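Taken in sequence, the protein lines are chains F, S, Y, W and L.
Converting from the first sequence to the working numbering requires adding 3 to each position, the first position being numbered 1.
Converting from the second sequence to the working numbering requires adding 12 to each position, the first position being numbered 1.
Converting from the third sequence to the working numbering requires adding 5 to each position, the first position being numbered 1.
Converting from the fourth sequence to the working numbering requires adding 372 to each position, the first position being numbered 1.
The letter at position 403 of the fifth sequence is residue 394 when you use the working numbering, and the numbering goes up by one with no holes.
Since the hints were made in silico from the structure, they are not lab data.
Since the structure is predicted, the reported quantities are computational estimates derived from the model, not experimental observations.
Beta carbons: idealized from backbone N, C-alpha and C, even for Gly.
Just to be clear, a hint being listed does not mean it is correct.
Far from chain Y, some chain F residues (derived; all Cβ distances over 12 Å) [as the list claims (entries may be wrong)]:
(1) Arg116
(2) Pro232
(3) Thr357
(4) Pro389
(5) Thr468
(6) Leu530
(7) Gly555
(8) Leu562
(9) Thr568
(10) Thr594
(11) Gly595
(12) Ala606
(13) Arg618
Stretches of chain L that chain S covers, calculated by requiring three or more beta carbons in the stretch to come under 8 Å of a beta carbon on chain S [as the list claims (entries may be wrong)]:
(14) 94 to 103
(15) 116 to 130
(16) 142 to 153
(17) 430 to 436
Taking lysine to aspartate or glutamate and the DMTMM-like style, the derived pairs with C-alpha atoms no more than 20 Å apart in a straight line are [stated by the list, open to error]:
(18) W:Lys458 x S:Glu100
(19) F:Lys170 x F:Glu453
(20) F:Lys29 x F:Asp110
(21) F:Lys170 x F:Asp545
(22) W:Lys458 x S:Asp106
(23) W:Lys458 x S:Asp108
(24) F:Lys29 x F:Asp83
(25) F:Lys29 x F:Glu453
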Amino acid sequence: MLPLLIILVPLAGWLINGLYGGRLSKTASGALASAAVGLAFLLALAALRNPLVWQAGWRITFGPWIAAGGFSVEAGLLLDRLSAVMVLVVTGVGFLIHVYSIGYMADEPTTSRYFAYLNLFIASMLILVLGSNLLVLFVGWELVGMCSYLLIGYWFARPRAAAAARKAFIVNRIGDAGFLLGMLALVAAAGTLDFAGIERAIPSLTSAAVVGITLLLFFGATGKSAQLPLYVWLPDAMEGPTPVSALIHAATMVTAGVYMIGRLHVLFEAASATLAIIAAVGTLTALFAATVALVEWDLKRVLAYSTISQLGYMFLAMGVVAMPAGLFHLTTHAFFKALLFLAAGSVMHAMRGTIDMRALGGLAGPLRWTALGFTIGALALAGLPPFAGFFSKDLILEAAFAHARGGASYLLYAGGLLTAFVTAAYITRAVVLTFVVPARHESHPHEASESMAWPMVALAALSMTGGLLGAAFVGAPLLRNLDRFFEVPPVESSVPPLILTVIAVAVAALGAAAGWLVYRWRPREALGAVGRVFSRGWYIEDAYRALILAPGRALAAALATTVETGIIDGAVNGIAAVLGGTGGGLRRLQTGYVRNYAAVILAGVILLMGYWILR
Amino acid sequence: MIPPAYFLILSGILLSLGVAGVLIRRNALVVFMSIELMLNATNLAFVTFARLLGSVQGQVVVFFVIVVAAVEVVVGLAIIVDIFRARETVSVDDVDLLRG
Amino acid sequence: MLTALIFVPAAGAVLTLLLPRGRESTVRWTGMLSSATALVIATIVFVQFESGTAAVQFAERAAWIPALGITYHIGVDGISLPLVVLTAVMMPIALLSSWRSVTDRVREFTFSMLLLETALLGTFVSLDLILFFVFWEAVLIPMYLIIGLWGGPRRAYAAIKFILFTMTGSALMLVAIIFLYVHSGTVLPARTFDLMQLLDIRVGMPLQAWLFAAFALAFAIKVPVWPLHTWLPDAHVEAPTAGSVILAAVLLKMGTYGFLRVLLPLFPEATLRFAPVLVILAIVGIIYGGLVSWVQPDMKRLVAMSSVSHLGLVTLGAFALTVEGLQGSLVQMVNHGISTGGLFLLVGVLYDRTHSRQMDDYGGVAALMPQFAAVSLIVVVSSMALPSTNGFVGEFLVLLGAFRAQPAYAAVAVAGVILSAVYLLWMYQRVMQGPVAVKALALDPSGASGAGPVRMIDLSPRELLTFVPLIALIFAIGLYPSPLLSRTEASVRALVVRVDEARGHAETGFGLRASGFATPIHDSQFTIHEFRVTSHESRVTRGLR
Amino acid sequence: MELVVFIIAAAAALAGGVGVIASAQPVRSALSLLLVLGSLAILYLLLAAEFIAVLQVIVYAGAIVVLFLFVIMLLHERSGEGRHEKLPRQRPVGLVLATAFLGVLAYAVFTARGGALFGASLFADVPPGFGSAQGVGRVLFSAYLLPFEVASVVLLVGIVAAVVLGRARPVA
Amino acid sequence: MTLPSVDLRLVVPELLLTGAAILVLLVGAFTPRAGHPALRWIAAAGAAAALWQTLRLGTGGASFGGMYVRDALTLVLQSIALVTTLLAVVLSGEYVQRTRLESGEYYTLLLVSALGGLLMAASSDLLMIFLGLETLSIPLYVMAGFARSDVRSQEAGMKYFLLGAFSTVFLLYGIALIYGAGGSTNLGTLAAASPSLLLFTGIGLVTIGLGFKAAVVPFHAWAPDVYEGAPMPVTAFMSVIAKVGAFAAFLRISSVALSAQFSQWATALTVICVATMVLGNLAALRQTNLKRLLAYSSIAHAGFILIGILSGNISGATAVAFYLLAYALMTLGAFGVALMLQRDGQEADEIADLSGLASRSPILAAAMTLFMISLAGLPLTAGFFAKLYVFTAALDAGYAWVAIVGVLASVVSAYYYFRVAYVTLTGQPRDDVVIVGGRWTRAALVAAAAGVLILGLAPGRFVTFVQQVGQALAK
């Protein structure tokens, strides 16, 4: 029952905060929520001591959930090597961010709703990662979307927040529609949604079916994990409270797509075409988002695009069948991106909500610790050793290279490298503009409270050391574990990894240097026309607005006015009018003159007789 | 001997005359007379058939028709007179309050 | 048992008439108690209902007009059971919701509502076509009164539109019924209107198509299937809250119920031939309804149009002619009852406070009425078919059934899933979120006459009480649908088997195995095996008569 | 011989018929009606219906027409047709319809029994006293007893009607 | 001379009616003030007794040399006619008094007219049908013009009389032709007559004569005007009794006696039937006067009943009978409600006069709604089973499309019936309209409403009773 408990505890936190939060003090509800997640983390650790986890996986079922006709799916949980990683990340990082939130939300009138949502999110995320079949996973999948909707729109009184929330949910819905179809196809083809069952059924499937299914599922992933073409919601999602961005839109939820692919890796590995597409999409997204981040002025949005870009890396990894690398990067990314966000949050907190980098600067002094934390995160992101990001990203690049050697094109690898360069550049830019360049504001910020500091410290530590989880010289516990799960031999390549590593690091360093040089001295640096393209997000959103949204709404309006009232209802009322008019006409026929009536009668007589004679 | 058809044709013509009278005359009295004309045409037909079939039934019917006709005349004239009292007219076209 | 169920409300209705004048609260309580009693009975029926058999249960049969072969034959099977319960559940809620909002002619109102309940329950349990038709038409009158007497400004138009639309359909249905009756004389020993006996006769094809068309039209108007839906928005907009709730929650289901109860079993060949037509219409309805809802300024109209979309889904499931689809269709009927009924209740709550249904008159309500906001959110997500709410179960099964029939159908229908999120969240955002901006129009229901200040007080305990059962059901069905599904399974299977017989073993045209994805799965052996079972069951059914 | 009588009588009848509907003065119409009735009586004699002929003269000529004349006098022969025609199209339409009607009837008669009705000798030879008061009376009071009784009731109605409608109208 | 078998026991109902009529006349003549309650008591008693006797006598036996036959058809239709009469007498109770009509003569005429109806139902001889028709009609002419203070009433009388006489001649001429062709006026004899053009033409003309009484298109034109002009209780009575008589004769001729020859007319009759249903319902859509509305509705119903004649089979005859019964109840009921009202001394015959009735007298409003629902043919009321029956008959005879037209027409009719109901239930009560009428009218209303409901909920026994009509045809 432990796995179930892991879910139930935060759920309980949600209920308590949701129903009775009004009667709790702010700290109390915050503490309660944090405690719930912390407890969940401990429970997870306890659960991992069950040997089953490290073999076939610890499976718990609660009987059938939906069963109809030939279709049946059980309500069940599965804790195995893969979900173990996710559970730890979710609860662990989640706990830290809960704690952080206590301080961060201190100025809010009430926080119970906030923490209720947060707990609900954790629970949903756990359902997602612990589900023993695709449908349960989908439950979590949509619930986390719901929570992100709630949390993005937490300050629902702000129109922009509300709009952003709706946008996020609907865009996710679009992805989910694909996911749903994928599941339907899977049921129709394989007859089951159970992970194990699917793996068993794969041999009996036509390759076309597999490709179709996987593509649909991946489309769902692009929604949830903010890849092209459905990334558009994530930058706006920054309207939510910063801890939310850290937790949901960096560390956990957005990685669900990666997790899903990992979870179904056997299926995906059976569809090479899909994998190619995934890799391509990943690389493209990574590069694209990085470029946008390079010109974005809003610090949080920079981080948002950076998240998109990093997720691109992960998908690249999945695409080149370096799934362990992908999951590894997922983990490290969770650490340093959360850190970055929390730091940004503390900046925001200190600057009374100002987040536009053009109005920041010179914070290295007053916000010493924050600056330090942010820099650590930045270094990790940039992929400079020995920080966490270095190990995972390096692994991915190696894999991409190996993949190219395996016959695919080198574009992926090249894209990865280029992205690494840009990444280093934009994050350096962010650091510089926020902390280094002379202040462009009069306020006198000061460090945040302890409760906000400690989580950052913890995450900073993880960002520095997290790489060791995959470092060969310490046995790479995480990586080995994942390797076993994915049953892949560690990549061996003819080119000694060392060279690749050197190249990668060099590129990153160059990027960082470039960023520093440009923005340290010319903070307002823009990239001209290219920059404008970048800053408009390559006009992708404008295209959506012009090609999909506007026509759709126009169509709807046309239907509602022309078709609905005009044609359909018009026809109905038209018939009525005709009948009524006939009635009026008949009234006029009733002249009131006896002789007319007599004539009518006679006419009738003649007609009748005539009919008889003429027949 | 005269073919029965002659009588029938005659009755037919008389009937049609009556019909025409009802249709074209406005004076209620005349209209009413036309109806009497039609009745007589009918009687002629009955009598003719009676003779034709050699059954007296037809004549009996005529008897009843005459009786009924008499009653109708009484009622009809009463109504006409009544209306005349009220409206000072016997034109059927002037009784047109009720319509539509 | 069922007789009691049907006529308890009627008795209550009569009772309200006997009560002395001016005893409004007594009248209200009478109505509440009688509908509650009906609910209790319905619950007992549900619990005692024996799943795993397609046989009709709790059957009662008595001569009504023997001279015409009309019998009083009632009973429930897996197909009618959910709707019976749904009706019994929704009626007390509707009455409760009108507790304060209906203040004039309470007696007549309660009378109509109870009469309505009797008619609805009767429709769902009757197994004699005339009895069915009688109840079917009997529904019109109280609904007409409810819309016409307690409705909004254009109530007269809406009410008569409702009546005429429905009657047009049912008129032709009557002809078809009589035709079956006359036809039955040539096949069966005696002419009969008894559905169970009529099941034994098969009408020849060209004729069957006509009969099918007649019935289908009647049901399609009731559902309403696009493009026969235009009576619905008007009726909903004008009807009082309670009326809208019942209309959406139960009345519309009469049509979809008719599909399953009459069309599929009586005219399988015609069903097979014309299912694609209905499916297409359903899908058009899904998309159309969704798009139109998106641009509605009036909340009630929005919800009404969304019903068109949702019921398109139900129809789709019904005519996918697969077990999953039909199961989903049934569940979806219940879901739509709960969630859309809930939505109308929500609009009603707002309307009671401001007397406006225009979204522009609202904004930031969530800040003023947090409880209300929470409740609304739950209902909305249920209507959006968020997993773990009831909506998802039905929707998923329907889509699955449709996919099995023809992947393209599902692919298009999924767009409806997206649209529902679009318009519902749009409404939620405009009303609940953003800066507080509630136009102080209309008079304040709580006393102060004239355009007094609107008091956006949060849900009263009574109002909250109306939502509690709905929310409970939303999650109950969403998390643990088995009690429902298991009870309906057998009947649905029997239905599919009946249709598949007609299809023969030649996999022609519109069929389970038409899709590229679908594999010739064990389902088919299933059917064969099931076939024996059900034929045995139908004997059981006959045994009951 | 008979034929001559028939032709004269028929001609008179037709003339009368036309007179009824054509003459401007109601009185003339009444008198023309009288002419029709008389000539019909003669035709009845031709058709061996003495009783009816007598009845015709007494009841119709003697009672009904007189009644008409009386009423005409009462309403001091105002014809009511002086003023403009409200229904100008009525007259032509009426004539057309009447003609059409005649055509239909004629067709029916001509084709009846394959036109055999024109055979002269079709009239069955009837027993003596066929149409006599006695002959008719016997049937009347035997087979037609019930109709006779009913007829009396109808007469009663006539009386009642006369009484009711004859009364001075109540002040309203 | 040989007197035919005269079995007076067969005609006891007729005798009772006649007796009552004369008695009323005498009493009316010698009672000081008009509208003495005694008169209605006598009339009602007469009608009731006659009804009782009819039911008691049951079927069996012909008399007066085959002029008069008392078979199932007679039994059923006479009962319906008498129910109508009884209701009408009771219905006009206070009205006659209120408006100071000459009650003696009024009831006399009413009863005599009813007598005519009975005779038409029972006569097996064309002559008797003719006489019955006149006995039925002439009193109605007079009654239509009975409210002599009201020019509209006079006008109604005049129109009804002139057109009635006019159309009667056609009937008569038809009889003449039939006689000429078949050699007899006795239906029994005619049944064997060889078909010939004369015969058919004759039947056609007879059809027209009856069609006029039943007010079927195109012989309907008189109905709206007469209905509107005549005093309301007269309208009520007339609208039913004329139909009962006419359709009784129709059945007698078309289904029983001359079915073979009559079937030749099917096509023409179909056209008439459809035209009647459609025109009647459409013309009613835009009416504002209740009497007129009901006039058109009665035309429409005539069309529905005609379906039963048309189908010419047993279920058809049954349908006709049942429909007539239902029609009698609901129409009289509807008029009864209007009779309970008065607009400053006049009849409240505008639909608008019903406005807001619900707030004054919920019972009355409910009754009106009930009758309207029944007229529209919705379930739980007599009207539904009537329609069900008719359409069943149509489908039996293979007239599916007629049935379809019929149901659609009834949908149209729902519009105006519900309009009336709606006005009754909503709207502001008009202060110039007052509720008058007393015990008698109310009693009639209760009876009618009860009848409508019983026929709608548990028509079993009535159905079996009415179905006897089939026996008359079953040969």
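Verification of the hints:
| no. | hint | in the structure |
| --- | --- | --- |
| 1 | Arg116 | violated (8 Å) |
| 2 | Pro232 | holds (15 Å) |
| 3 | Thr357 | holds (22 Å) |
| 4 | Pro389 | holds (42 Å) |
| 5 | Thr468 | holds (38 Å) |
| 6 | Leu530 | holds (36 Å) |
| 7 | Gly555 | violated (7 Å) |
| 8 | Leu562 | violated (5 Å) |
| 9 | Thr568 | violated (8 Å) |
| 10 | Thr594 | holds (30 Å) |
| 11 | Gly595 | holds (30 Å) |
| 12 | Ala606 | holds (32 Å) |
| 13 | Arg618 | holds (29 Å) |
| 14 | 94 to 103 | violated (count 0) |
| 15 | 116 to 130 | holds (count 5) |
| 16 | 142 to 153 | holds (count 10) |
| 17 | 430 to 436 | violated (count 0) |
| 18 | W:Lys458 x S:Glu100 | holds (17 Å) |
| 19 | F:Lys170 x F:Glu453 | violated (35 Å) |
| 20 | F:Lys29 x F:Asp110 | holds (10 Å) |
| 21 | F:Lys170 x F:Asp545 | holds (14 Å) |
| 22 | W:Lys458 x S:Asp106 | holds (9 Å) |
| 23 | W:Lys458 x S:Asp108 | holds (11 Å) |
| 24 | F:Lys29 x F:Asp83 | violated (37 Å) |
| 25 | F:Lys29 x F:Glu453 | holds (16 Å) |
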